[in-house]
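Student: Both chains come to you apart, so use the hints to assemble them.
Single-letter residue listing:
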Amino acid sequence: MKKLFIAAFVLLLAVPTYAQRYITKNGFISFYSSAPLETIEAKNDQVNCALDTQSGFFVVKALMRAFVFEKALMQEHFNEEYVESAKYPNSLFSGKVTNIKDINFYKPGTYQAIIEGKLTIHGITNPVTAKGTFTVANGSIIGEAKFPIKIGDYGISIPAPVVGKIAKTVTITVNVHLNPLK
Amino acid sequence: MKNFKRVLGILFIIGILMATYIWFFVYNKPHRNFEKAKPDLTMSARDCYNSFSENKIHAGGKVLEIYGIPSSIESSDTMVVAVFAFKQGMFGANGIRCTMLADNQQKARGLSTKDTVYIKGFCAGYNGSDVILENCSIINKLKIK
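If you read the protein sequences in the order shown, they are chains A and B. Counting in the working numbering, the first sequence runs from 1 upward without gaps. Counting in the working numbering, the second sequence runs from 1 upward without gaps.
Pulled out of the complex, with its shape left as it was, chain B reads as follows (with noise of 0.2 Å):
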């Protein structure tokens, strides 16, 4: 009878820590932080763009590196997004959005057009007419010259 208590306390023990795993792990676990992520590639940001448009890659999902110069620095109170833009479409310019996380908004609105910047992002996917990069950080913009 003893051993049994001793038994079930240790199962009810057993179960409270795994409901606590899997509450803070599993249900709650924290979104992933692409600014630490490994790129999955690292490609000019031409070849990106020309890699999706093309249909010859399908890295969405992925945390991807580009490098480029960017054409334009769009900004707002919330978002900044850096832009290389290719070609012309149907809603504007097309190419590579990377909206910055709220920590590199900062840098990003510094970023000059006219100097190779590399940004790592989670890749949305393309959307048909441009290639989406999310929570973005800028790795070295002195990476290359």
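Chain A with its partners taken away, still in its complex shape (with noise of 0.2 Å):
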């Protein structure tokens, strides 16, 4: 009898934990690129991406051959000579909501958000903040987010005779529709 107690709470701990947790793989991440000889924007919408509405606990997750561009040279450079796909395949992002308290997940509504957390991307990790919303809207989250980062904190070096194409610093646009872990 007592086990069966036992098992009830845990199984009563249990549930909501799932149901605290969001997540999509059709996530969608772009970064953008204006130099003064080129603007370069390419896109990934098969961007994994986590967020527990308890603990604020954000991860996301892209694959680098995901990422899609105007030009097929472009792409073909961005993978074999700038962020070495073969090498380092993934980029991960995990971090916290820091004011995860003053977000009702419960009612619906656009709430500022602060994400602090980890960049992984060509194997270098950095700190980044972000600041972004979250609506929240029949049951789901659609998370937002917009921050640059330079890309020689990522190893990430321009050779000189494309050095007015690529801008230092790119911007990432983050676009997330999170739905419950079923």
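Be a bit skeptical, because a hint or two may be false.
To be verified - Simulated crosslink set (DSS-like; lysine-lysine; CA at most 25 Å straight-line): (1) 146(A) - 96(A); (2) 168(A) - 131(A); (3) 62(B) - 38(B); (4) 114(B) - 182(A); (5) 43(A) - 36(B); (6) 38(B) - 71(A); (7) 62(B) - 87(A); (8) 29(B) - 165(A); (9) 87(A) - 56(B).
These are computed hints drawn from the structure, not numbers from a lab.
Tutor: Spelled out as structure tokens, the structure:
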């Protein structure tokens, strides 16, 4: 009987834990580089993202080869020369929504969010802080954020012939439509 | 002097032709047509997932042809994804996710989750939970029964 009570208690704890995790596998990330000679934009709509609405744990994972460029040559250079996708296939952000207590995930609306964590690209990890929003509607959460990164911080060097074509700081845009984990 | 001008003219024309070639076929070369590409590897969806998740193959950047029974078809206004799910993980069901080419979306929406299908696409790699295939096309869903 005692074992039954313990099992029931564990189950009660486990059920809300699952309901707190929101996920997507079709998250969107783009990066935008504006340099004097060229504007470059790449998009990836196969991004994994998970949010734990109680602890604020927030993780985003993207395959580098899934970024699509307008020009095939740019995509080739990006994968082979800059981010070395064969060696470093994934980029990862892992962090927390620091003001999670200010967000009511049960009440529809748009809430400001501050996300702090570590971003790993090209095998190099740096701390990142981003401001964004979470919009709660119809049982889903839409997360949006935009922040700059310096590509030099991630060991990506720009060769002299294309120095005017690639910006030293690129803007990362994240847009994820999260649904409860079933 | 006349010969010099002729050589200069020929060099100029060669230069223009080279610049045109580089502009169209190098700098602005089109993206690869994955629908027409020959697959580098053909295997069952389960073998493909197991090989990636057990780190047995590194086929990122290659064209894969997989076959199996899809678990579900995820569809939105802009995207259709055929999903082969094998395991539960942090981001939900883990497996293979095949994003269909625009002209294959209609056919993919009609895929059954009871029949075997052959799908070919560009393998973007394994993200720790799923093998991602992009620019996918349906080869012949009646190829095996």
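Student: Does each hint fit the structure? Answer for all of them.
Tutor: Checked hints:
Between residue 146(A) and residue 96(A) the CA atoms are separated by roughly 16 Å; this keeps the pair inside 25 Å, and the hint holds. With a C-alpha separation of about 21 Å, the suggested pairing of residue 168(A) with residue 131(A) holds against the 25 Å cut-off. With a C-alpha separation of about 10 Å, the suggested pair residue 62(B) and residue 38(B) falls inside the 25 Å cut-off, and the hint holds. Distance check on the hinted pair: residue 114(B) and residue 182(A) sit about 22 Å apart at the alpha-carbon level, within 25 Å; holds.
Between residue 43(A) and residue 36(B) the alpha-carbon distance is near 23 Å, which keeps this suggested pair within the 25 Å criterion. Our distance criterion of 25 Å between C-alpha atoms is met by residue 38(B) and residue 71(A), whose separation comes to about 22 Å. Restraint check for residue 62(B) and residue 87(A): the C-alpha separation of about 15 Å stays at or below 25 Å, so the hint holds. Proposed proximity of residue 29(B) and residue 165(A) is supported: the alpha carbons are some 18 Å apart, at most 25 Å.
A C-alpha spacing of about 15 Å is found between residue 87(A) and residue 56(B), which places the hinted pair at or below 25 Å, so the restraint holds.
Of the numbered hints listed earlier, not one is contradicted by the structure.
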